[in-house]
Amino acid sequence: DVVLTQTPPTLSATIGQSVSISCRSSQSLLHSNGNTYLHWLLQRPGQSPQLLIYLVSRLESGVPNRFSGSGSGTDFTLKISGVEAEDLGVYYCVQGTHAPDTFGAGTKLELK
Amino acid sequence: EVQLVETGGGLVQPGNSLKLSCATSGFTFSTAWMNWIRQTPGKRLEWLAQIEDKSNNYFISYLESVKGRFTISRDDSKSSVYLQMNNLKEEDTAIYYCTWSLAYWGQGTLVTVSS
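Protein chains in written order, with this note's numbering: chain A, 11 to 122; chain B, 107 to 221.
Hints should not be assumed to be uniformly reliable.
Calculated pairs, DSBU-like style, for lysine-lysine (alpha carbon to alpha carbon, straight line, at most 30 angstroms) [to be verified]:
{"hint": "1", "chain 1": "A", "residue 1": "122", "chain 2": "A", "residue 2": "89"}
{"hint": "2", "chain 1": "B", "residue 1": "173", "chain 2": "B", "residue 2": "184"}
{"hint": "3", "chain 1": "B", "residue 1": "125", "chain 2": "B", "residue 2": "160"}
{"hint": "4", "chain 1": "B", "residue 1": "195", "chain 2": "A", "residue 2": "122"}
{"hint": "5", "chain 1": "B", "residue 1": "195", "chain 2": "B", "residue 2": "125"}
{"hint": "6", "chain 1": "A", "residue 1": "89", "chain 2": "B", "residue 2": "149"}
{"hint": "7", "chain 1": "B", "residue 1": "184", "chain 2": "B", "residue 2": "160"}
{"hint": "8", "chain 1": "B", "residue 1": "173", "chain 2": "B", "residue 2": "160"}
{"hint": "9", "chain 1": "A", "residue 1": "118", "chain 2": "B", "residue 2": "195"}
{"hint": "10", "chain 1": "B", "residue 1": "173", "chain 2": "B", "residue 2": "125"}
{"hint": "11", "chain 1": "A", "residue 1": "89", "chain 2": "A", "residue 2": "118"}
{"hint": "12", "chain 1": "A", "residue 1": "118", "chain 2": "B", "residue 2": "149"}
Derived from the structure by calculation, the hints contain no laboratory data.
None of these values were measured; they are calculated from a predicted model.
All chains, please: the whole structure from these sequences, using the hints.
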């Protein structure tokens with residue numbers, strides 16, 4: 011199965027600070043159909059995960075544009091340009107290119 | 107509004123069975139590919155099973171480690187998806203979510219396997 015390695019495991023930020031989370035895959039996530047099925051989820055405390063970004067860089071409806079995703083092949087990044095209090099929680103990358111779908115271990119974003 | 111509501115979780119002894127249900131509304135369930143995903147006590151997320159729609163002959167896929175113990179099914183007339191879990195083990199303890207396309211998740215139902 012594909013292993014997704016997220017770094018850092020924990021991220022401390024102040025409000026307004028820009029931060030990045032890395033997700034590295036054990037295999038290329040470029041599908042033979044040309045799509046790259048790498049997505050990002052946020053799980054706020056006490057809530058179910060929610061989809062933030064799909065197909066590497068596409069913003070899910072209703073997600074603020076301070077979130078952005080980039081990358082290709084095996085290396086991907088989620089960036090938050092100006093952290094807000096509501097952004098605190100655990101971020102997961104997930105891949106759907108190679109069955110079965112697999113998830114990163116998560117990056118916890120907390121307030122400094 | 108899309109809604110997914112899981113029920114059926116609880117405390118069960120190792121070796122026993124449990125059936126989870128997920129009732130949905132707010133979207134065309136009959137054409138949706140539905141999934142079960144669980145979150146362990148350590149917060150790790152794990153995809154378990156997917157069932158496709160009628161046009162794809164309700165094709166089913168499982169995580170290898172639960173194949174033979176877990177069975178996913180659906181009832182399009184009730185807009186519901188199910189997960190039958192047999193021979194449960196302590197490591198199956200988790201919150202179980204049903205999801206549609208990763209964009210929509212239920213609130214989850216807690217399954218605890220313990221003697």
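* Are the Cα positions of residue 173(B) and residue 160(B) separated by 30 angstroms at most? -> holds (22 angstroms)
* Given pair status - residue 125(B), residue 195(B), alpha carbons within 30 angstroms -> holds (14 angstroms)
* Asked: Is residue 89(A) within 30 angstroms of residue 118(A), Cα to Cα?
  -> Status holds; Cα separation ~14 angstroms.
* Asked: Is the Cα-Cα distance between residue 173(B) and residue 125(B) 30 angstroms or less?
  -> Cα-Cα ~15 angstroms, so holds.
* Asked: Straight-line Cα separation of residue 173(B) and residue 184(B) no greater than 30 angstroms?
  -> holds (25 angstroms)
* Between residue 118(A) and residue 149(B), is the straight-line Cα distance small enough, at 30 angstroms or below? -> holds (11 angstroms)
* Under the criterion that the straight-line Cα-Cα distance not exceed 30 angstroms, is the pair residue 122(A), residue 89(A) satisfied? -> The hint holds at about 18 angstroms.
* Can the restraint linking residue 184(B) and residue 160(B) be considered satisfied, given a maximum Cα separation of 30 angstroms? -> Given pair residue 184(B), residue 160(B) holds - Cα atoms ~14 angstroms apart, limit 30 angstroms.
* Asked: Has the given pair, residue 118(A) with residue 195(B), been kept, meaning a C-alpha gap of at most 30 angstroms?
  -> holds (29 angstroms)
* Asked: residue 89(A) and residue 149(B): Cα distance at most 30 angstroms?
  -> Holds, at about 22 angstroms.
* Asked: Do the alpha carbons of residue 125(B) and residue 160(B) lie within 30 angstroms of each other, as the hint requires?
  -> holds (22 angstroms)
* For the pair supplied as a hint, residue 195(B) and residue 122(A), confirm whether the alpha-carbon distance does not exceed 30 angstroms. => violated (39 angstroms)
Checked against the numbered hints given earlier, the structure breaks only hint 4 and satisfies all the rest.
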